[in-house]
Amino acid sequence: MTLRSARTDVVALTLVVALGAAFVAYFALPFLGLADRAASDGRVWDLATDTAVRSALWLSLWTAGLSTVIAVACGTPVAYWLARTRIRGRSVLDALVDLPIVLPPTVAGVALLTAFGGRGLLGEPLADLTGFRFTFTTAAVVMAQVLVAAPFYVRTARSGFAAVDPQLEHVAYTLGASRTETFLRITLPQARGALLAGIVLCWARAMGELGATLIFAGSLEGRTRTMPLAIIDAFERTSLGLAGAVSMSLILLVVALAVLVLFRAVAPAEARR
Amino acid sequence: MNRLRSSIALLFILPFALLACSDDEATPEATATAATATATGAATDVATAEPTLASGSIVVSAASSLTDAFTEVAVAFEATNPGVTVDLNFGSSSELATQIVEGAPAEVFASANEAQMAVVIDAGVAEVAEIFAQNVIVVAVPADNDSVQAFEDIAADGVRLVLAGVDVPVGDYARRAISAASTAGVYGADFQSRVLANVVSEEPNVRAVLAKVELGEADAGIVYATDASVSGDAVRVVEVPAEYSTPAVYPIAAVGENPSEQALAFVAFVLSQEGQAILAGFGFAAP
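As they're listed, the protein sequences go chains A and B. Residue 230 in my numbering sits at position 230 of the first sequence, and the numbers go up by one each step. Residue 177 in my numbering sits at position 177 of the second sequence, and the numbers go up by one each step.
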């Protein structure tokens with residue numbers, strides 16, 4: 001290595017480190033700001049034990065969990081098929097999977113109403129026949145989350161499956177493994193990293209879902225008011241205001257972080273079996 | 001087979017169709033979040049008028065219920081003051097008050113109640129406010145839905161009622177009217193608890209409440225008379241008896257220690273005969 005190239009390295013390294021540090025600072029500062037505001041408000045603990053906040057947090061946790069389970073159960077076959085199919089117009093299908101990601105959540109909420117609302121394509125006949133309406137129910141919360149969050153799982157899982165060499169699957173078949181066995185013992189473990197990343201993305205997006213939920217499910221404590229909706233509501237409350245909303249945001253972030261860390265700690269052990 | 005094919009085709013076309021028609025149904029989107037609109041008037045028409053104000057632009061933060069009225073007020077103001085641009089920022093009064101206290105740029109604040117104006121004045125961000133309009137609350141009902149015919153029907157079994165959140169001004173006025181009617185006892189002492197049991201959603205602002213009614217998802221929603229008049233044929237209005245409802249008052253203030261001359265002129269314009277006439281056209285009562 002010449003002296004000159006070493007000097008180039010130093011310059012490049014300094015530049016890269018500076019850019020990286022600026023990036024990290026850019027993301028860290030807003031969170032520090034939140035923590036700082038919440039600390040000066042001093043109500044974080046009171047709010048963490050408040051029944052309305054707890055009910056919102058619990059609702060968020062289980063609905064986002066259920067939405068993720070639905071995304072994995074129904075999205076995995078779709079993702080695998082998208083990764084393996086050779087049919088024409090595949091790029092159009094890929095784009096369709098991404099479409100809900102582009103859709104502003106509020107529009108996603110309106111779209112859900114046009115399909116499942118009381119005057120929707122499916123919602124109206126359903127309401128006429130059974131009297132049941134999805135709007136304003138907890139089911140609507142889950143539906144909104146699935147529509148908005150599941151594409152994150154499907155597209156990540158699709159890339160994961162696409163990266164698994166089809167030759168490996170063929171070798172397994174020639175060795176006498178069934179399709180199911182091959183999928184479970186070859187394909188799934190190979191795509192594990194991507195699937196886990198997809199699950200995390202999907203769950204996180206579902207936890208943060210606000211716009212579609214507000215339009216399609218409304219906001220009522222204990223039934224449809226998830227944590228993001230409760231934070232918006234707190235923002236309106238003269239008794240809580242911005243400081244209360246900030247404190248609640250911090251609670252949401254801490255709980256989400258705990259769940260994600262726990263998930264990453266547990267997930268590899270699950271896959272080792 | 002053909003049917004299956006066309007339904008599959010429909011499935012693929014549907015998302016695009018939804019995107020295409022989202023414009024017509026964008027009301028909830030525009031209302032759920034603070035909407036920003038810029039009113040650019042036909043300033044050139046009145047070039048003959050002596051320009052008294054320095055040119056520039058001002059941000060007017062106004063309550064969602066003022067969306068239509070203030071859009072027109074701004075156009076008229078710009079027409080009389082060439083060179084001055086009014087940027088309108090609509091949202092719930094509480095949201096706007098928080099933004100202003102947090103230092104969001106706004107030269108004028110028009111609130112739908114005195115409580116949120118007090119937030120801004122107590123923070124020292126504005127000094128004096130003047131009442132410029134009044135509004136009353138009504139029950140908005142989807143035109144094709146006859147489950148609510150009178151105010152007392154909002155307590156009927158199975159009525160899906162939507163209110164604005166507890167501290168959103170219109171939500172506060174609604175709850176006070178319900179409580180007053182309950183205390184009066186004419187609909188039974190349990191009126192309030194029966195009504196509150198019917199609440200299926202507490203929306204962040206008045207337009208979001210109205211959207212739920214327009215979409216036919218709610219059987220009834222309590223909104224301002226002015227909002228209900230905006231939605232036209234889609235919504236039928238059921239009056240809240242005057243003895244139970246307090247009129248909503250709208251205060252306006254120029255923001256800042258030394259409000260700009262454009263801001264002061266805008267406030268004066270709203271209070272002027274011309275401004276008041278526009279507001280009256282949208283159903284607002286004079287203070």
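Calculated from the structure, these hints are not laboratory results. None of the values given here were measured: they were computed from a predicted structure. All residues carry an ideal CB built from backbone N, CA and C; glycine is no exception. Any given hint could be a false lead.
[As the list claims (entries may be wrong)] Partial pick of chain A residues on the chain B-facing surface, computed with a CB cut under 10 Å:
id	residue
1	I70
2	V110
3	G117
4	L126
5	T135
6	A139
7	E169
8	A217
9	G218
10	L220
11	L229
12	D233
13	F235
14	L240
15	V266
[What the hints assert, rightly or not] Chain A residues, not near chain B, derived (Cβ > 12 Å throughout):
id	residue
16	V11
17	V17
18	F23
19	V44
20	W45
21	L113
22	T114
23	A127
24	L184
25	S219
26	R223
27	S239
28	G241
29	A245
Worksheet item: Which of the listed hints are not met by the structure?
Response: 1, 4, 6, 7, 15, 21, 22, 23, 25, 26, 27, 28, 29
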